[in-house]
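J.: Protein sequences, first through last, are from chains A and B.
So for the first sequence, the numbering used here puts the first residue at 3; every next one is plus one.
So for the second sequence, the numbering used here puts the first residue at 3; every next one is plus one.
Since the hints were derived computationally from the structure, they do not count as laboratory data.
Some hints could be false.
Repeated chains share a single entry, so a pair holds when one copy, or any two copies, can fit it.
With a cut-off of at most 30 Å between alpha-carbon atoms, the simulated BS3-like pairs for lysine-lysine come out as follows [stated by the list, open to error]:
no.	residue 1	residue 2
1	Lys-332	Lys-259
2	Lys-332	Lys-243
3	Lys-47	Lys-498
4	Lys-66	Lys-498
5	Lys-66	Lys-172
6	Lys-292	Lys-363
7	Lys-47	Lys-28
8	Lys-559	Lys-47
2 protein chains.
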Amino acid sequence: MIQKYVFGSPIETDAVVEDIPVSGEKLPFFELTGDNGFLYQLAEKDIVYGLGEQVRGINKRGWKYVSCNSDNPHHQEDTVSLYGAHNFLLISGEELFGVFFDYPGSMSFDIGFTRRDTMKVLTSDFNLYVYIITGENEKEIVKQFRRIIGQSYIAPKWAFGYGQSRWGYKSADEIRTVAEEYRKRNIPIDSIYLDIDYMEHYKDFTVNEETFPEIEKFCAEMKAMGIHLVPIIDAGVKIEKGYSVYEEGVRNNYFCKDENGNDFTGAVWPGRVHFPDFLDPEVRKWFGEKYSILLEKGFDGFWNDMNEPAIFYSEKRLASVMERINELSKENMGTDGFFEFTGLVNGISNNTGDYDCFFHKVDGKMLPHSKVHNLYGYNMTKAAGEAFKKLSPEKRILMFSRSSYIGAHRYGGIWQGDNKSWWSHLLMNLQMMPSLNMTGFLYTGADTGGFGSDTTEDLMLRWLQLSVFLPLFRNHSAQGTRPQELYRFENCEDCKRMIEIRYGLIPYLYSEYRKAILRDEMMYRPLAFDFREDEDARSVEDQLLLGNELMIAPVYKQNATGRYVYLPEEMMLVRMRSPEDFETETVEPGHHYIRAELNELVFFIRKDKAIPFGTAAPDTARLDTSSLRFIGYPEAGYELCEEEGTSVLHMFEEHK
Amino acid sequence: MIQKYVFGSPIETDAVVEDIPVSGEKLPFFELTGDNGFLYQLAEKDIVYGLGEQVRGINKRGWKYVSCNSDNPHHQEDTVSLYGAHNFLLISGEELFGVFFDYPGSMSFDIGFTRRDTMKVLTSDFNLYVYIITGENEKEIVKQFRRIIGQSYIAPKWAFGYGQSRWGYKSADEIRTVAEEYRKRNIPIDSIYLDIDYMEHYKDFTVNEETFPEIEKFCAEMKAMGIHLVPIIDAGVKIEKGYSVYEEGVRNNYFCKDENGNDFTGAVWPGRVHFPDFLDPEVRKWFGEKYSILLEKGFDGFWNDMNEPAIFYSEKRLASVMERINELSKENMGTDGFFEFTGLVNGISNNTGDYDCFFHKVDGKMLPHSKVHNLYGYNMTKAAGEAFKKLSPEKRILMFSRSSYIGAHRYGGIWQGDNKSWWSHLLMNLQMMPSLNMTGFLYTGADTGGFGSDTTEDLMLRWLQLSVFLPLFRNHSAQGTRPQELYRFENCEDCKRMIEIRYGLIPYLYSEYRKAILRDEMMYRPLAFDFREDEDARSVEDQLLLGNELMIAPVYKQNATGRYVYLPEEMMLVRMRSPEDFETETVEPGHHYIRAELNELVFFIRKDKAIPFGTAAPDTARLDTSSLRFIGYPEAGYELCEEEGTSVLHMFEEHK
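Make the full structure from the sequences, and use the hints.
T.: Here it is, written out as structure tokens:
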């Protein structure tokens, strides 16, 4: 059952697409705190799931979180905000319910941080919708929630192929080399991503003709090799006379305004920019249609970036900081002065104070950005998604975004933002999957191998062993870090075999992905969602159920020879070194230490289940789906859900 | 066997105190790389132990490390330097040997980072001693190494009591309140630490008479309550006319010099300071004797801080940065200019470039700080340690330092530096214990509950469950973070019981601590040191053997209901909620999931062993050691090693 409550005068976010009458009853479960907040008493064993893209574990208890979309590539254990705002929680324990706080401004969640037994949710003002969802079990609650927020975006099948990316590919020639290196070694690959360097001075919808000459031809050349090029699109529009996007935006008042009604100026990669007011449908239409410039050149996928929006500096703040520094430097700066100085400088970028200094037009009224901050990236992606329906009705276009809010899931996927080459971020990648699935983000994954910081050969290989199971499977890294294309490593052969296994898994993965979307289900679930009464299953933080057939349990610790795995029921362990080289073994329910050499992918098939498994292919277009094998329990069948329809397969050969 | 090799003209560090003739043979195991480095081929299963205070796991494989003492309170997975430099490695696998690179400048260790099969050790110049130690097993190699570096400092027994600290106790009254809050609740406590605020304008060896009036009386008042006050001593000496330490230092040329022979000026907490040249024995004597000012007031313990040395800014660098900022701000700063600006500002503090701009007098020659950087904190602690022998020959004085080098272990302990209230730092605390023990640092521990960032109730309680077993047991936190005195938490009672258990453990812990020192042994060991042939034991990264009787395996994950533990042999599990409330149970060898409620301390007694266990006491002085109980296997005896001598105890009552 879903009950809708209204407090104050909420801003419409369009997160919920179903028309639900406002409940006349008292808000259940929560107590109003009187300071724009909601209080819930947590029982000792309650688990709090949710919050979508956030730090820490599957169980969110014991920390404080702030929904305030942030560009924080250095996030760690005590971070409170990431790139998305997904205000959905699912409380499971003494009571069982889901709750969605539909509120586009900054809000905080103290989930047993201040007091272990208390959850307190605070909004900046008390204008919001609250949806309470009750049901028989966790899966049923999520299903109801997913239904009211609308069907998730479906990515094209090729987006399930492996993708290579790096911030730092400076030219078509560099990209060509990457493509050739992959093809030369027969490492399957479907896409190469273009980070900001493909643009002319970081101007949206331009291509640098010197470094990326004849881009149509280059797209075609890559496509002939089976490779899709996926360019980045940034939120900010460069201020440059003669640049059509800038000039049109100014002329039509498409940019966010400052206090005085002038176009607000911040600085990002292109230098000084204006920010399109994506909350205005007319602006979305205008900006969305711009993607056609690149679609026509042969691109068929995009990633939207810097759309929290990230702001290196606002002109106004920079000027005031500079003024104060000038004063301080005259004063014979003491320790206090020094810390004021460094504090000011480190407070320039992404300062939330700036969010009160620029404005959006919403229903004819000017609203400060702070009131709608978390909707910005969402509406940029919506701009693209709405346009694609018109521009390319027949063909699925790949679209994923960095920043998001619930609702954005209808228009694209997200990647989990700029992460680090840290073992802890490999685990976090896994832990975010269920909470993202709850809120409709099905096409997702993290930068495999880690974006910032230097990766290592073993971290990359272990990360691949998680990412082979995730929809968005992209190896991405930052300028200045160790290059991490797979052929850079001594163990390239082992990496290659993992990618081959991925291609073998694609028929299954894409089928489960489609099912999850079409049925409003979670593709990735905590063990406790299927084994509700199992106390041990409830505390597992490093394994996931995938679809209805698999349990994944990657190794995420350096130098580990294996890992502990909990089996709530008998399962079949698969130990795979390549699509052709694997063994299976039945494992009893309970706790086990499972050995896994660095080059071994270990996963589990659930009792009486089986998965279809293909063979390696250079790319998804060349996948041979006519000769799927089965891996799993001999008597099991599998319902294959393809673009063309659903068919039930039965095991036609004994597994090895 | 120990072999000593000499390359170039090494600077004497006095890390090694035994006279060892230089070997005429070729350096074994390593290949010289020709670029001031050493190369070792790692076999697939080799484990590399060592490096003392460093990030990452017990097994150091798969990362790069730099020995360059650094003030980095934000250290994380990809950090390369911490507060100490402990260039000892122990390679265990195809070959077995220890190696000590006795080199006081910055040096790096690529331990299977660039290539998994290669370890490369690089020095800045090739002037160093290398010691190769071979032996029958890991413990024997460590024992030999510990013998040549000299006996470790022995802390007084009261230093095994619980200590409360916070950067931010502004007055004697605040300290008094802390003491009263602990005593009121009968939470045992032996010490309260004074961070920088007790000083007058952060001047070493001064006490602020306004906020800490009549300090002798206050020391006596606290001592009457059973509480030792432990003040901090910083490395930098405030530049202030009339301040005697400053004036004496200037008069006698006791400070480090700049290029022009003037006293080098940096800024730290007091503002502008000079740095005593601790490498000069005359300066050590002078500075060491200053501790008597505080000893005479009634203090009997100290912690040396900021002695990497931490430098907020050098005058010269700050001036040049300011000049460049001034230029940039005139230029209509673009994105590049902005990043240059923020990069410059963030590069001011602890810039290693400054280490070439100040100088030490070593054997009559002026050496740039960079050549001897890692000896600075060591020699500050040596100054204190040498002085204490003269000033207080009869009484053990507590001394521990932030920065260190091997050799400093003879004069004091170390704490593991400014850490964070992170679960990952709880694990790192455990993982550093064996590597620090290898290099002689026996009196050590980390800031329990975490220094920076906000702690949580459960993190604190779980961290206590590790720290009850560690010599240095201090709860310390930073200004601006959530207060973390135990009485701040709802679960104060549970915390209190952990501290009570600590006091019950002290007879055992202090005995094992003394044994480890007197016998050159490790008090904390990886499982593989005692179970060499056990493949499973070799990969355990989150359990330690403690002394000869215990195995500890704390829970270090939030919301965990227990943890996995590997038992290489049968052991007795002890599940303890208070010194009086516990059960034991025999557990078979193998892998187990062990439940542990938040208020339960779980540890293991090794087969056929037992430990003496006392009762709670308000402080160590009031410990009743006359009625020790035994916990463990019924037939076991225990050799108790006390200050007064060693006695063998036998179980005189059955354990519950």
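J.: Now tell me, hint by hint, if it's right for this structure.
T.: Results for each hint:
1. Lys-332 with Lys-259: Close across copies (26 Å), not inside one copy (35 Å); limit 30 Å.
2. Lys-332 with Lys-243: Between. Shortest inter-copy distance 23 Å satisfies the 30 Å Cα cut-off; intra-copy 38 Å does not.
3. Lys-47 with Lys-498: For Lys-47 and Lys-498, only the inter-copy Cα distance (23 Å) is at most 30 Å; the intra-copy one is 43 Å.
4. Lys-66 with Lys-498: Only across copies: Lys-66 and Lys-498 sit 26 Å apart there, 40 Å inside one copy, limit 30 Å.
5. Lys-66 with Lys-172: between (40 Å within a copy, 28 Å between copies)
6. Lys-292 with Lys-363: Answer is within; shortest intra-copy Cα gap is 21 Å, inter-copy 68 Å.
7. Lys-47 with Lys-28: within (26 Å within a copy, 63 Å between copies)
8. Lys-559 with Lys-47: Both ways: Lys-559 and Lys-47 sit 28 Å apart in one copy and 16 Å across, limit 30 Å.
Violated hints for the displayed structure: none, as all numbered hints are satisfied.
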